[in-house]
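First to last, the protein sequences are chains X and L. Its first residue numbered 1, the first sequence is counted upward by one per residue in full-length UniProt numbering. Its first residue numbered 1, the second sequence is counted upward by one per residue in full-length UniProt numbering.
Heads up, some of the hints might be wrong.
Unchecked claim - Reference listing, derived: stretches of chain X covered by chain L, where coverage requires no fewer than 3 residues with Cβ under 8 Å from a Cβ of chain L:
id, region
1, 125-139
2, 142-152
3, 170-181
Calculated directly from the structure, the hints in this document are not laboratory data. Note that CB positions come from ideal geometry on N, CA and C, so glycine has one too.
Protein chains: 2
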Amino acid sequence: MQHLIIASTSTVHGSGYLEYILEELSNHFKNAKTIVFIPYARPGGISHNAYTEIVNTAFSKIGKTAVGLHTFKNPEEAIKNAEAIFTGGGNTFVLINQLYKNNLLEPLRNAIKSGTPYLGTSAGSNICGLTIKTTNDMPIVYPPSFNALALVPFNINPHYLDPDKNSTHMGETRETRIKEFHFYNTQPVIGLREGSWLEVKNNNVILKGPHTARIFEHGKPPYEINPETNLTHLN
Amino acid sequence: MQHLIIASTSTVHGSGYLEYILEELSNHFKNAKTIVFIPYARPGGISHNAYTEIVNTAFSKIGKTAVGLHTFKNPEEAIKNAEAIFTGGGNTFVLINQLYKNNLLEPLRNAIKSGTPYLGTSAGSNICGLTIKTTNDMPIVYPPSFNALALVPFNINPHYLDPDKNSTHMGETRETRIKEFHFYNTQPVIGLREGSWLEVKNNNVILKGPHTARIFEHGKPPYEINPETNLTHLN
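Excised from the complex, chain X in its bound form (with noise of 0.2 Å):
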């Protein structure tokens, strides 16, 4: 009885932070008034206070409070009683990292699994497949492990980009990072564009958003999938 928001992004170009999701997330967390904010990722080392701010001022647009994880003194108790849980995006080792060292892996899923509502951008995203084995991050630290909530049976590649075939870099593209990929992991990657964002009820899963979204599958060629595409089977 999970309900789950993976976006890949927090704030798409020209707009406020949260502001093209707002209105899918007043009914998201429609039974909710207090939500109960991961900072872990930290984006650009910011303060847990700071970036718990940025989330209270989207949220006060829909009438929502968010708390930080960080200000409850038992954060376990804190996730259990929450009545809906966002995860913010960052860097996804410092995220995965801290949620290891407060053991709150475990009791994160549970919750989750028995229908908190989530929400996930980005880092928050990238947590909720198989591993964070396909994360553009930086690994600026060295977690426990790199397995994830595993709410999904699959793979996040949050701010997909296409190839830019006018580029002269020799870095690898986005595209051939996840063929790597494959060559040591057999789960399917979800590549989700800027705006794009996979809707989760029970085991229904489904692209939302203006884009189309690549998915990579173990031994075959990339495609790409339109909005609304159930991806439900996809293991």
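Based on these hints, arrange chain L on the given structure of chain X.
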């Protein structure tokens, strides 16, 4: 008495594999006929044999032969006895994972510290730093540690890319990522643009090639340095 070339990339746009640096390598490897090649990073998932073949074709132009480390029964002995060593690019996580699995970090460090000439490109350059925490690669395998060879007292960021001012993409720029690194780590990072390399002779470190490099020191604004700058005191 170490002697290293730490290069941003194996290939610059519009030129063949190692072509831009062959003349330099002819001098760097002047006392070696055979070069032990470490193909573990497997760019694009190609086989160790296929990768060694590409390297061999390039080295044959300066009268050298590359022998893949994977062809030796005892890779530790092969490194100990090598006339020269080259570690190619690909995925840094895959590379360091394989080096740990085969217990080769220490033998490799010892060989280079005792004077065996070394060339690294891309992933093969990342491992020369203190850690691989400033790699651009996707973490497709989980290595036992991010600690690297520590042949120089800083970290490398190869394929360094300036922010694209016209981009509407919301993913982090390289500079943002390296700044985030400095919230958790204090060593300097050298952003090496494609076509640049560091020449390390004993403890002397000099920037070579046509481009400036970008230096990120903890607690300082990043700055550019010109080719031929001596970086010996950076740590």
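Right, here's what the structure says about each hint:
1. For the region 125-139 of chain X, the assignment as covered by chain L holds, since 8 residues bring a beta-carbon within under 8 Å of that chain's beta-carbons and 3 suffice.
2. Figure legend: the region 142-152 of chain X, annotated as covered by chain L; annotation consistent (3 residues with Cβ-Cβ distances under 8 Å, at least 3 required).
3. Here's how the region 170-181 of chain X fares: 9 of its residues keep a CB closer than 8 Å to some CB of chain L, so the rule of at least three is met and the hint holds.
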